[in-house]
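Guided by the hints, dock chains B, C, D, E and F onto chain A, whose structure is given.
Residue numbers (our numbering), protein chains in the order written: chain A, 965 to 1040; chain B, 965 to 1040; chain C, 965 to 1040; chain D, 965 to 1040; chain E, 965 to 1040; chain F, 965 to 1040.
It is possible that some hints are incorrect.
Which copy? The list can't say, so a pair holds if one copy fits it or any two copies do.
Said to hold, decoys possible - Taking lysine-lysine pairs in the DSSO-like style, the calculated list, with each CA pair at most 30 angstroms apart, reads: (1) 1025 - 995; (2) 1025 - 974; (3) 974 - 995.
Hints listed in this document are in silico derivations from the structure and should not be mistaken for laboratory results.
In this text, all values refer to a predicted model and were calculated from it rather than measured experimentally.
Below are the chains, spelled out letter by letter.
There are 6 protein chains.
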Amino acid sequence: MPIITIRLAKGRSVEQKRDLARAITNTVVEKLDVNPEWVTVLFDEFDRENWATAGELHSDKYGKGFGKIGSQEYPK
Amino acid sequence: MPIITIRLAKGRSVEQKRDLARAITNTVVEKLDVNPEWVTVLFDEFDRENWATAGELHSDKYGKGFGKIGSQEYPK
Amino acid sequence: MPIITIRLAKGRSVEQKRDLARAITNTVVEKLDVNPEWVTVLFDEFDRENWATAGELHSDKYGKGFGKIGSQEYPK
Amino acid sequence: MPIITIRLAKGRSVEQKRDLARAITNTVVEKLDVNPEWVTVLFDEFDRENWATAGELHSDKYGKGFGKIGSQEYPK
Amino acid sequence: MPIITIRLAKGRSVEQKRDLARAITNTVVEKLDVNPEWVTVLFDEFDRENWATAGELHSDKYGKGFGKIGSQEYPK
Amino acid sequence: MPIITIRLAKGRSVEQKRDLARAITNTVVEKLDVNPEWVTVLFDEFDRENWATAGELHSDKYGKGFGKIGSQEYPK
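The following block holds chain A by itself, in its conformation from the complex (with noise of 0.2 angstroms):
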């Protein structure tokens, strides 16, 4: 029954998501010998004012965007 949830930078898209939930479970149903209908993926998804690595808030630090620095903007 295991829950896997994934704590990330809002902003991914849909397709991203549902290509890595695929792959998450695939790894999960392999490595842990459990049936895929028992595994669970949550993406909780977080602003970048609200996630602070070092004392500083990732807005700051990052700029807008997600995944490596600035190299991938919010969809407009």
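For chains B, C, D, E and F alone, kept in the frame of chain A given last:
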């Protein structure tokens, strides 16, 4: 001091959440023999594109809405 | 697919947790109109030295045990 | 690698969160003797209709706003 | 900075967790295009008496062990 | 009603946790302008085999102990 976090699909009405928060608090007070003011209930809501089972996003599997398949739609 | 996480002081009996899991599931099924098999209940137990309110550890404030102050002790 | 998640009512300003993230990181670095870059702070914000104590939704109990009762309103 | 929390039944070996942590990190790095050092994986383990589905504790439903029903026992 | 969950490696002393809980509560009270009794602090402790970064378990990367690399060992 029990803290109850309910993770569910976004879309329930305030009335449903008011009703559920009261009912769950009463159940916890009775079964764990604690004071009502010690009990916290949190609703952690997820869009269906952020919830997957068996590797499939619920927005793909169930479409819009919540609860039983197709039985309830997001309030217009 | 509601997932209910109950964070509470360690020490409740299996009977109490069995009873509470059943009662909470029934409440959620009734109030949210979902199927019982969709409901997951998790007990996330904390030692009292790992829980603080108003800046004071509960192991200091309430001593051993759980529930109402001093009314119940850890099972011997 | 401490990860600090702060669950609170939605509505604090970015300045308050910037200030709190920095202060909490400094406190953790000092008390746990870890490096600042190892510390992550997450703000997990809840609407008041999604937070209940003693069986009552905070949107009913406290109305709009956050912090002390009625002292601060959502920014217009 | 994705943080992946895997909630699962207690009892997997360190080898299984080592293997799963590496595989999940690689999947996240590939699908979300982030650096490996940004990815945190946490195993949040639960005794079967602390996990219930359809109102029934897994210690009652599945007995000891984890993974598929009865196929694996706690390491002696 | 802020709830602060601190996820960290298992092994800190009760004194360190007492000290940290008090300091964090004071910081939150000051920065968010809430009453001390409204603030809950939870320590969610993980064995190092249950925490991985860059795909590597911390029990492999850092060995026993917590805090800075090798600087502190589990209390004997």
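**Study point:** Identical-chain pair category, residue 1025 with residue 974, by Cα at 30 angstroms
**Key:** both (16 angstroms within a copy, 22 angstroms between copies)
Review point. Between copies, within a copy, both or neither: which fits residue 974 and residue 995 at Cα up to 30 angstroms?
Key: Result: close both inside a copy and across copies, 28 angstroms intra and 15 angstroms inter.
Review point. Taking 30 angstroms as the upper bound on the Cα-Cα distance, should residue 1025 and residue 995 be classified as within, between, both, or neither?
Key: Classified as between; 21 angstroms across copies, 36 angstroms inside a copy.
This entry satisfies every hint, going by the numbered hints stated previously.
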